[in-house]
Amino acid sequence: MVQTLLKRAATLFAVVALVAFAAPELAAQQINPTESSVQEEQLMRALQSGEAVSGRITIPDARAGDLIKPDNKNWAATHGGTVKTVNVVAILGMLALLVGFYMYRGKIRIDSGPSGRTIQRFNAVERFAHWLLAATFIILALTGLNLLIGRAVILPIVGESAFGTISAWGKIAHNYLAWPFMVALVIVFVAWVLHNIPNRLDIEWLKKGGGLFTKGSHPPAKKFNAGQKLIFWSVIIGGAALSFTGVMLLFPELAGTSAQWQLYQVIHAIVAGIMTAIIIAHIYIGSVGMEGAFDAMGSGQVDVNWAKEHHSIWVEEKLAREGRPAPSSGGAAPQPAE
Amino acid sequence: MARMKFLCDADRCIECQACVTACKNEHEVPWGINRRRVVTINDGLPGERSVSMACMHCDDAPCAAVCPVDCFYTTADAVVLHSKDTCIGCGYCFYACPFGAPQYPRVGNFGTRGKMDKCTYCSGGPEADMSQAEYVKYGSNRLAEGKLPLCAEMCSTKSLLAGDGDIIADIYRERVVTRGYGSGAWGWRTAYGETISV
Amino acid sequence: MLVKRKQGEAARGRLASMAAGIATKTIDRRSFLRNSGLAVGGLAALGTINAGMTRQAEAGPTDHSRPIERRKNICTHCSVGCTVIGEVQDGVWVGQEPAWDSPINRGTHCAKGASVRELVHGDRRLKYPMKKVGGQWQRISWDQAIDEIGDKMLEIRERSGADSAYLLGSAKFSNEGAYLFRKFAAFWGTNNVDHQARICHSTTVAGVANTWGYGAQTNSYNDIRNSKTIIFMGSNAAEAHPVSMQHILTGKEEQRANVIVFDPRFTRTAAHATDFVRIRPGTDIPVIWGIMWHIFQNGWEDQEYIAQRVWGMDQVREEVAKWTPDEVERVTGVPEAQLRRVAEKFATERPSTFIWCMGGTQHTVGTANVRAYCNLLLATGNVGAMGTGANIFRGHCNVQGATDFGLDIGNLPCYYGLAEGAWRHWSRVWDVPYEYFVNRFDAVPAKGGRDPRTPEQNMNVPGIPSTRWFDATMIDAEEVDQRDNIKAMIVFGHGGNTVPRMADAREGMNALDLLVVADPHPTTFAALHERTDNTYLLPICTQFECSGSRTASNRSVQWGEKIVEPIFESDNDYAVMYRLAKKLGFADEMFKPYEMVQGKFSEEPTPESILREINRGGWSVGYTGQSPERLKAHMANQDKFDLVTLRAPADAGDVGGDFYGLPWPCWGTAEFRHPGTHILYNPNVPVKDGGGAFRPRFGLERDGETLLAEGSWPPESEIEDGYPQFTMGVLKRLGWDADLTPQERAVISRIGEFDEEKIDAVSWSLDLSGGIQRVAIEHGCVPYGNGKARAVAWNLPDPIPVHREPIYSPRPDLVADYPTREDGRQFRMPNIGHTIQQSVVDRGLHESFPIVLTSGRLVEYEGGGEETRSNKWLAELKQDMFVEINTRDAESRGITDGGWVWVNGPEGNRARVKALVTERVASGTAFMPFHFAGWFQGEDQRGNYPQGTDPIVLGESVNVVTTYGYDPVTGMHEGKVTLCQIESA
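Chains as they are written, first to last, in numbering that gives the first Met the number 0: chain R, 0 to 337; chain Y, 0 to 197; chain G, 0 to 984.
Hints listed in this document are in silico derivations from the structure and should not be mistaken for laboratory results.
Incorrect hints may appear among the rest.
Label pairs and their in silico Cβ distance ranges [unchecked claim]:
{"no.": "1", "chain 1": "G", "residue 1": "Asp939", "chain 2": "R", "residue 2": "Ala61", "range": "20 to 28 Å"}
{"no.": "2", "chain 1": "R", "residue 1": "Gln41", "chain 2": "G", "residue 2": "Asn509", "range": "35 to 43 Å"}
{"no.": "3", "chain 1": "G", "residue 1": "Arg842", "chain 2": "R", "residue 2": "Gln47", "range": "37 to 45 Å"}
{"no.": "4", "chain 1": "R", "residue 1": "Ala76", "chain 2": "G", "residue 2": "Arg941", "range": "46 to 54 Å"}
{"no.": "5", "chain 1": "Y", "residue 1": "Ala143", "chain 2": "G", "residue 2": "Pro334", "range": "41 to 49 Å"}
{"no.": "6", "chain 1": "G", "residue 1": "Gly90", "chain 2": "R", "residue 2": "Val246", "range": "34 to 42 Å"}
{"no.": "7", "chain 1": "Y", "residue 1": "Asp169", "chain 2": "G", "residue 2": "Pro811", "range": "34 to 42 Å"}
{"no.": "8", "chain 1": "G", "residue 1": "Arg65", "chain 2": "R", "residue 2": "Val246", "range": "28 to 36 Å"}
{"no.": "9", "chain 1": "G", "residue 1": "Arg65", "chain 2": "Y", "residue 2": "Ser196", "range": "19 to 27 Å"}
{"no.": "10", "chain 1": "R", "residue 1": "Thr81", "chain 2": "Y", "residue 2": "Asp58", "range": "17 to 25 Å"}
{"no.": "11", "chain 1": "R", "residue 1": "Gln47", "chain 2": "Y", "residue 2": "Ser196", "range": "47 to 55 Å"}
{"no.": "12", "chain 1": "Y", "residue 1": "Ser196", "chain 2": "R", "residue 2": "Val182", "range": "21 to 29 Å"}
{"no.": "13", "chain 1": "R", "residue 1": "Val246", "chain 2": "G", "residue 2": "Gln946", "range": "50 to 58 Å"}
{"no.": "14", "chain 1": "G", "residue 1": "Asp738", "chain 2": "R", "residue 2": "Gln29", "range": "30 to 38 Å"}
Think of the CB as a built atom: it goes at the ideal place given N, C-alpha and C, for glycine as much as any other residue.
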């Protein structure tokens with residue numbers, strides 16, 4: 000689309016240049032403005048993708064100079080087609096996958112059972128940032144989805160008036176909550192980026208599918224395993240994309256041309272759909288999908304056995320740093336407290 | 000029922016802006032909201048033509064397709080109207096509209112939009128015809144009074160035509176035959192998927 | 000698609016209303032308006048649109064359950080004369096509806112006409128009388144205002160004479176207002192009375208009247224539908240007269256007509272032409288002679304027409320022969336082939352019409368330009384028939400009427416020239432002794448080696464043109480050919496920014512002892528200067544707030560009905576003139592013929608009674624048949640008139656057989672029921688049906704050749720040849736005097752003072768009974784005679800038009816060949832154009848100021864622009880003053896479209912405006928519109944307007960940059976050619 004923009008600018012310039020240089024030539028000949036008048040058909044045929052039939056206007060709103068921009072209908076079609084499809088497929092698809100996975104694997108238990116001993120996995124700041132991010136994301140996702148499919152799903156249920164009200168509030172919520180979302184995103188990034196740099200262990204982890212599909216398989220991991228790193232980077236990159244495009248959508252002047260705005264809108268909606276799907280998986284694994292996972296973000300204290308199974312290296316390092324003995328690998332018996 | 004359309008005969012349009020001020024006058028449209036405007040193509044060059052443009056009241060209106068809250072509806076006269084009570088000012092219709100028709104007052108948060116305003120083909124909105132409530136939100140309802148949009152009625156050179164699509168197409172066709180030229184029914188292909196062949 | 004009327008919207012829940020309230024307010028128009036202030040940024044002024052001033056009445060939705068009254072008036076902007084229908088409810092103008100029945104506009108308007116309702120609920124109107132005290136505007140009462148103004152005028156009269164008070168009137172007056180203002184000047188005792196015609200078509204009136212009799216459009220807008228070839232020269236009708244384009248474009252389509260536009264600028268009119276010819280500004284005469292060169296060369300002229308109806312064409316032929324295609328191209332830049340093609344079309348694809356406007360008239364050679372145009376029409380036989388003619392598009396809504404009623408330094412009403420006979424004629428009509436006026440005028444002492452004048456002589460000396468009033472305030476008293484300099488300006492409805500040399504005008508305003516501005520809006524006259532005291536503003540209502548007739552460009556007279564009462568404390572012209580006259584002590588004499596009624600604040604004359612007086616005296620131009628009753632009947636029966644011929648069928652009741660608006664001349668009394676004259680000088684129809692002939696005004700023969708028509712006369716004429724004007728003596732010789740009624744005879748005898756010789760001399764234009772006109776017409780004859788048009792007007796400075804370079808010419812080589820006229824004195828003032836032109840060449844100004852600057856109109860604004868720039872619906876469409884500059888010129892100067900630039904004038908003045916980079920103008924030419932004011936050389940003068948009356952849009956005036964140059968015949972300024980340089984600001 001950016002390319003199209005550049006191409007359009009070039010063509011426009013060429014047309015202007017052509018006409019400008021043609022004008023003095025005409026002076027010597029007969030100038031018959033009636034015969035040489037522009038034709039709509041001609042202009043429409045010559046339109047490149049993303050271009051508008053445009054001209055001069057005296058009011059300050061420069062965009063008003065675009066007379067006919069047939070491509071806007073394409074955006075409308077994309078919005079109602081591809082964008083909607085991607086969202087619906089991604090979200091429903093993810094839900095179906097998870098249901099299937101649950102049916103196949105059930106809740107992933109702590110193999111060695113809870114130890115009763117906990118260690119701190121995330122401190123208050125980390126948890127605050129996470130939950131801020133999570134809460135705003137959920138609302139943003141729901142209000143955003145409402146714009147896309149609400150009229151098909153909610154409108155028939157609640158009726159026009161209530162739906163209008165919900166959507167109006169939704170728009171306000173979406174516009175305002177975008178800012179705390181972005182703040183949380185920054186905190187999360189700063190807090191965890193160092194732990195999320197990919198390393199060799201991740202390859203191993205991924206090879207084993209994180210052990211998710213095989214009972215008792217627990218590839219070693221540091222604070223974050225490769226799966227979590229994937230979530231992290233999805234959230235950071237996806238969140239950044241959503242933030243950037245979102246700001247552009249909020250301030251159309253920043254976005255530049257309406258073609259650019261449309262591009263940002265399409266990116267925003269598709270990224271949001273994919274993100275939502277990923278986050279649904281994240282929610283699954285952090286709640287019903289895995290025993291002991293929620294505590295990490297709940298109390299911040301996780302069971303040592305859970306930690307050893309999923310983040311063996313991190314546990315060792317952490318305990319060593321704290322001067323506690325490294326628990327024996329796969330140790331079943333609870334160690335006495337010191 | 001008639002299928003209402005606009006047609007701007009650019010070979011008659013002299014960019015006098017009567018359509019614009021007639022609209023402002025009839026509906027007391029505030030500063031900064033331009034339900035109708037005149038664009039001049041090839042300004043200053045022998046091919047120069049001006050076209051008056053507003054909502055074309057499309058078939059399968061793309062604004063209605065993208066509206067998240069489904070606030071658009073089409074009347075029996077095929078006029079595309081919307082409900083300001085439902086509108087949330089998201090701006091989607093502006094980006095879906097090939098004609099730049101939707102307008103927004105800047106009253107929203109973050110410099111964004113208020114409720115959308117656009118040409119109503121002088122036929123108001125969902126409220127009772129010719130009521131005060133309708134006037135305040137959408138302007139007057141000339142269709143209900145048995146009149147056509149004032150922009151077209153007041154067009155200085157009878158360039159802007161409004162009325163049943165078949166009738167105005169005939170008028171245009173007749174003009175092209177009489178004078179031997181015509182720069183086209185601007186926007187018709189985009190709005191109605193057809194053009195006027197002569 | 001779903002077809003639905005949404006239900007249940009009204010019963011929205013509390014939640015919904017809350018959301019609506021918090022999120023984005025439902026669009027309520029008034030809050031919209033308030034919010035719009037935020038959105039416009041730089042236009043901070045808008046924020047106050049709704050603040051402060053109380054409004055006379057809120058315009059709002061129409062309540063359809065209660066009655067609405069529809070009132071017809073006429074648009075107050077250009078001269079096309081579009082009918083406006085106002086819908087009024089409870090005294091408030093709530094809506095405008097298309098006036099379908101008007102044959103002129105058929106329901107349509109331009110941007111201005113479609114927004115006139117704003118004028119009477121505009122917040123930016125002047126609300127009450129004000130005066131400046133110590134530099135501050137103060138509200139005063141009408142009584143105080145009239146008292147103080149009157150006292151000061153009387154004091155100035157005592158000290159400096161009546162001629163020291165300049166009465167500047169308006170083309171916005173109704174006919175009755177214009178006539179009353181001229182009469183006011185006569186009673187005050189001065190010929191220093193003028194109006195906008197000076198700066199728009201004074202040269203047209205002079206040029207045309209000197210060619211064939213009357214100074215007016217010969218045909219009509221509607222009649223152009225019949226033309227096969229249409230030339231526009233210096234006319235941009237698409238912007239200046241948009242509704243006329245309805246007729247022209249339809250005509251073009253139906254006739255497959257040639258539309259040829261001559262202009263330095265590719266205008267919106269040019270965009271619809273079949274031929275666009277770009278000329279160098281100020282070279283109209285060479286262009287016309289260039290066309291005629293081809294016509295004569297190829298024998299395309301209408302020889303029969305010339306032989307029958309034109310005098311002196313052979314002399315023109317000699318001058319034309321000098322303008323070979325090469326020389327024409329050297330001077331004008333137009334190639335031979337183009338002119339040849341135009342010449343052939345114009346001469347052979349007839350009927351052809353020639354349309355011109357200020358591009359032709361606003362020049363030092365304006366009158367000569369007009370005369371050249373006339374010659375082209377005469378040579379091709381294109382005057383006096385359907386589809387032909389000099390279609391002069393006038394500018395203001397009643398500039399034709401105001402011209403007709405002598406709001407002019409050189410005429411009494413209805414073109415009775417300044418002479419004893421004319422004064423005596425009007426004395427009889429006004430029922431005041433001739434001597435009364437003699438006593439009112441100044442005696443002029445011998446100054447500067449000139450002869451002194453008695454009051455009686457001074458009565459017949461034209462006054463100072465409105466283009467020079469400021470020179471007359473500041474110039475050495477010896478140089479002004481009247482008792483003293485101008486000390487007071489009484490300005491009714493006239494802007495101060497439409498005349499060149501604004502910096503000098505500003506000094507002139509500063510120098511005045513008294514400045515009175517009577518206008519709906521404070522004009523440049525109120526804001527440009529640095530005056531601290533003795534400055535008054537009087538709020539006058541618009542023509543929508545009073546009744547009266549106005550004359551459109553095609554001479555149709557239309558009656559406008561008051562739509563609403565004057566808003567705020569404004570009052571109409573009639574009442575204000577009455578109060579002022581009363582204060583000055585001549586109201587009893589001046590107003591005695593009128594029916595007086597109680598007006599808003601005082602007594603006032605009814606416009607009907609003023610029009611009846613006009614009917615009693617306007618014989619010379621046929622303003623006698625247009626009685627108020629007939630005019631009102633026309634407005635009520637607009638649907639009866641044919642779109643093309645403008646005539647109602649014979650059986651159309653009250654208006655049967657009439658031409659719409661009884662275009663003058665409408666001979667005889669109203670009872671005589673002359674239908675008016677749609678096409679002037681038309682010998683193809685009987686005089687009683689609007690026929691005519693050229694008017695022999697300049698004697699019966701010249702150089703041994705007759706000046707009467709030969710072999711041409713209107714049908715049914717009992718004299719089948721040319722003849723002079725009708726007098727009682729002529730009637731007697733023909734034996735037609737027997738047809739006069741005893742009453743008519745008695746009136747004629749009284750006018751002839753019962754002296755046989757004097758009775759015989761009583762002419763068709765002095766006979767107050769209308770008998771002479773009636774009898775002549777009943778015998779099929781034109782009352783003014785049947786003469787030839789003059790190709791050569793020997794009484795003008797250049798009897799045959801001669802090309803003369805503009806004062807500020809870009810071509811010193813051509814100045815050497817075609818210099819302007821020698822310095823001289825005209826209209827009580829020196830004209831030093833030649834000296835200045837020499838100095839421009841000597842200083843080499845064409846090198847440092849290489850761009851030719853021309854000026855013109857925009858569709859959104861009109862005249863000085865205060866009224867239209869205060870109209871929010873119009874102001875939004877053009878928010879900045881600009882200069883059009885060619886792409887190449889801009890590029891070489893680093894100027895971008897929309898960027899700020901300084902336009903530097905050759906005499907050191909400059910204007911800061913936005914650049915509009917465009918191919919509309921050629922390289923080396925720039926264009927600026929003339930409607931802006933309120934900035935002066937970069938300084939924002941918004942604070943100079945009384946609070947709340949400043950127009951929404953302000954900007955530099957082009958006339959800050961324009962320069963010296965005056966037509967010797969009329970004092971018209973040079974508004975279309977000067978030099979400038981443009982730089983990025």
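Handout entry: Index of numbered hints that the structure contradicts, given in increasing order
Key = Of the numbered hints, 2, 3, 5, 6, 7, 8, 9, 11, 12, 13 and 14 do not hold.
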